[in-house]
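*Asks:* Spelled out from the first residue to the last, the chains are:
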Amino acid sequence: MFHKITSSAIVLSVGWVAGVGFAEDTPDVPTIVNKANIVAYYQGNDGKSTVQMVITSKQGQTRERLFNIVRKDVQDGGDQKYFVYFQRPADVRRMSYMVHKHIAKDDDRWLYMPSLDLVKRIAAGDKRTSFVGSDFLYEDVSGRNLDEDTHELVETTDAFYVVKNVPKKPETVEFSYYNVSIDRKTFVPMKMEFYDKEGKLYRTIESKKVEEIQGFPTVTVSLVQDLKSGSKTEMTFSNVKYDIGVGEIFEERYLRKPPQEVTK
Amino acid sequence: MTRAKTMAALVVLALAVTSSAQQEPNEPQEKRSPVREFLEKHDIEYHGFYEARAGTRLLDDPYEGKDLSIGEARYQFDLLAMRDWGDLKVKGDVYGDFVEEQADFDLREANVFTRPNDSVDLKFGRQVLTWGTGDLIFINDLFPKDWVSFFIGRDTEYLKAPSDAVKVSLFSDAANLDVVYTPEFDSDRYITGDRLSYYNPILGRYAGEDDELRISRRREFFEEDETALRLYRNISNYELALYGYWGYWKSPAGFEETLTRATFPELYVYGASIRGTLGKGIANAEVGYYDSVDDRAGDDPLVNNSEMRYLVGYTQEIARDFTAGVQYYVEQMLDYGPYEDSLAAGSARDEFRHVTTLRLTKLLMNQNLMLSLFTYYSPSDEDVYMRPLVNYKASDRLMYEVGANVFFGDEAYTFFNQFHHNTNVYCGVRYSF
Numbered sequence: 000m001f002h003k004i005t006s007s008a009i010v011l012s013v014g015w016v017a018g019v020g021f022a023e024d025t026p027d028v029p030t031i032v033n034k035a036n037i038v039a040y041y042q043g044n045d046g047k048s049t050v051q052m053v054i055t056s057k058q059g060q061t062r063e064r065l066f067n068i069v070r071k072d073v074q075d076g077g078d079q080k081y082f083v084y085f086q087r088p089a090d091v092r093r094m095s096y097m098v099h100k101h102i103a104k105d106d107d108r109w110l111y112m113p114s115l116d117l118v119k120r121i122a123a124g125d126k127r128t129s130f131v132g133s134d135f136l137y138e139d140v141s142g143r144n145l146d147e148d149t150h151e152l153v154e155t156t157d158a159f160y161v162v163k164n165v166p167k168k169p170e171t172v173e174f175s176y177y178n179v180s181i182d183r184k185t186f187v188p189m190k191m192e193f194y195d196k197e198g199k200l201y202r203t204i205e206s207k208k209v210e211e212i213q214g215f216p217t218v219t220v221s222l223v224q225d226l227k228s229g230s231k232t233e234m235t236f237s238n239v240k241y242d243i244g245v246g247e248i249f250e251e252r253y254l255r256k257p258p259q260e261v262t263k
Numbered sequence: 000m001t002r003a004k005t006m007a008a009l010v011v012l013a014l015a016v017t018s019s020a021q022q023e024p025n026e027p028q029e030k031r032s033p034v035r036e037f038l039e040k041h042d043i044e045y046h047g048f049y050e051a052r053a054g055t056r057l058l059d060d061p062y063e064g065k066d067l068s069i070g071e072a073r074y075q076f077d078l079l080a081m082r083d084w085g086d087l088k089v090k091g092d093v094y095g096d097f098v099e100e101q102a103d104f105d106l107r108e109a110n111v112f113t114r115p116n117d118s119v120d121l122k123f124g125r126q127v128l129t130w131g132t133g134d135l136i137f138i139n140d141l142f143p144k145d146w147v148s149f150f151i152g153r154d155t156e157y158l159k160a161p162s163d164a165v166k167v168s169l170f171s172d173a174a175n176l177d178v179v180y181t182p183e184f185d186s187d188r189y190i191t192g193d194r195l196s197y198y199n200p201i202l203g204r205y206a207g208e209d210d211e212l213r214i215s216r217r218r219e220f221f222e223e224d225e226t227a228l229r230l231y232r233n234i235s236n237y238e239l240a241l242y243g244y245w246g247y248w249k250s251p252a253g254f255e256e257t258l259t260r261a262t263f264p265e266l267y268v269y270g271a272s273i274r275g276t277l278g279k280g281i282a283n284a285e286v287g288y289y290d291s292v293d294d295r296a297g298d299d300p301l302v303n304n305s306e307m308r309y310l311v312g313y314t315q316e317i318a319r320d321f322t323a324g325v326q327y328y329v330e331q332m333l334d335y336g337p338y339e340d341s342l343a344a345g346s347a348r349d350e351f352r353h354v355t356t357l358r359l360t361k362l363l364m365n366q367n368l369m370l371s372l373f374t375y376y377s378p379s380d381e382d383v384y385m386r387p388l389v390n391y392k393a394s395d396r397l398m399y400e401v402g403a404n405v406f407f408g409d410e411a412y413t414f415f416n417q418f419h420h421n422t423n424v425y426c427g428v429r430y431s432f
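First to last, the sequence lines map onto chains A and Y.
The opening position of the first sequence corresponds to residue 0 in numbering that gives the first Met the number 0, with each subsequent residue numbered one higher.
The opening position of the second sequence corresponds to residue 0 in numbering that gives the first Met the number 0, with each subsequent residue numbered one higher.
In isolation and in its complexed conformation, chain A is listed as follows (with noise of 0.2 Å):
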């Protein structure tokens, strides 16, 4: 299965919400996305997560995914690394999977081959790729960046801001826009919709649970839907650490034998 996640790519770090930042009343439009891309990428300097990804079709047949995966900050809001070893299914077992992710340049991503001894490197990919052939995309689960989009407060309800972003560059998109539903206690994002060129409402990611662990709020279950294909996709994240000191892994040395921090 290597060359699913080649030409999809990293990272889920979706499941790393966290952070609290208690809103005073209706902070700017910058401040909301912000701390909510903090809040859903970028909580405490590193963490490490096993994630399992159920992938039901229409039809009701399932695949599953099961890898761990280690994340790290080199800046919050900013570059990161990640760290990916996968346990299922059989034909991806003991892969590993490194990216550095650049803010401002395509990331660096290498697979290593544990049957071939191999270290590919892989090409920097179109960001709205499939990851490992869910129906989460790259760009879900590793973030978009936020230059992409313009942000606008359409509504304040009790629980919620809700944020519409409007690609810059519509035609690099499938989608016209999208909703974000942002808690207004945790900042975690709990629902994202996203509209078709039609304006119709084909796609959406809901955050299924939410715990506390270190003090920070963190999505454990997250789910998303093709409402076109009616394929749907659950993750669920668990092992969660934040803060646990992740050494200098993200390199050829440990890429072919990862450490135990990773495997276990």
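None of the hints are false.
Below, computed lysine-lysine pairings styled on DSS-like, alpha-carbon distance capped at 25 Å:
1. Y/40 <-> A/263
2. A/231 <-> A/190
3. Y/361 <-> A/227
Listed below are several chain Y residues computed to face chain A (Cβ distance under 8 Å; list not exhaustive):
4. 127
5. 128
6. 170
7. 175
8. 233
9. 280
10. 314
11. 322
12. 366
13. 395
14. 432
Since the hints were made in silico from the structure, they are not lab data.
Each residue gets a CB set at the ideal place from its N, CA and C atoms; glycine is no exception.
For this one, chain A is given, so just place chain Y on it according to the hints.
*Replies:* Frame of chain A, contents of chain Y only:
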């Protein structure tokens, strides 16, 4: 066994693999068995697959008796014990081969890995080894390849044959060093005529199972050994490496004076590579100097001359789930004049052999269907080798595959076209656990 019977047996096997898979779709836990319980009790991971694969030649080959190009039922087990002091790994294949008409065992890996401190990794035993930047082109990777498996349509995993070696890796801020010592020379699994026909320059014609290549092997433990090293570091995510190799040509590259046996002459290789991002894609370049120690003057027609080898490559995603990779590769024979003078008669090799490759990979159906085509084309040899492949993952455990190996060209003796009559198509089904 006749071809029909063999095919029937393979169909039955394929059905068995498929039906067993359908009975337990994506079931996370395997059935209980005493073996599995024993392994679990001792914290040993057990995985593997069952596979059936069959293929047929598309052309009449006057030098090979069977139409069947591949026909096998395979079981691979993969055991891993991770302990605090290190890892123990054993992986092997048991297979029934309907072409060779025998059962076989191929021990792929049996090694111990340990990380004694922050700056050292060690791996002892049978292991698969790879380095270098080429895509199905190898300059500084002089670890053994299994060209037979590659040409008959086994999974790409089998292109890499294992080495019985010690790998010592040293790490520092300045650079990292890998040293691989193989006490007994591990050659490629090369073409002998037994299963695939080839062009025999001594006979001056194609040759096959009736005139199998006779080989003078190198089996002196600690005498006929190999040492390979790689010194590498990463600068701004550009991967730089220097390589050295002291051993032997990996496939036969010479003949004894009596011309009765092919030999593995001594070979030293020195090289370098770089790989990194360029524009939207990944670029790589690699170079190697092949020092053919036994024919440094280049005037011995029975031993390969020294060579320079050059490679540049570029890979980019050109559309969503569609990737293209191109490479340009040159082999330059050194001391070409003495080589030409030394030839009695017959066909001289070109001084330069140019090869281009193109890899196209398209993913469809939620990335469960892969269409890929890898093509080697040599403008100097005027020959082509194409590897089309369709791979479908019916579930997390069940995979179907159809592919082909197609060789054609102008002259019988060129690198790829010598395999022309082995052109084949194959299919396979694999159930992984």
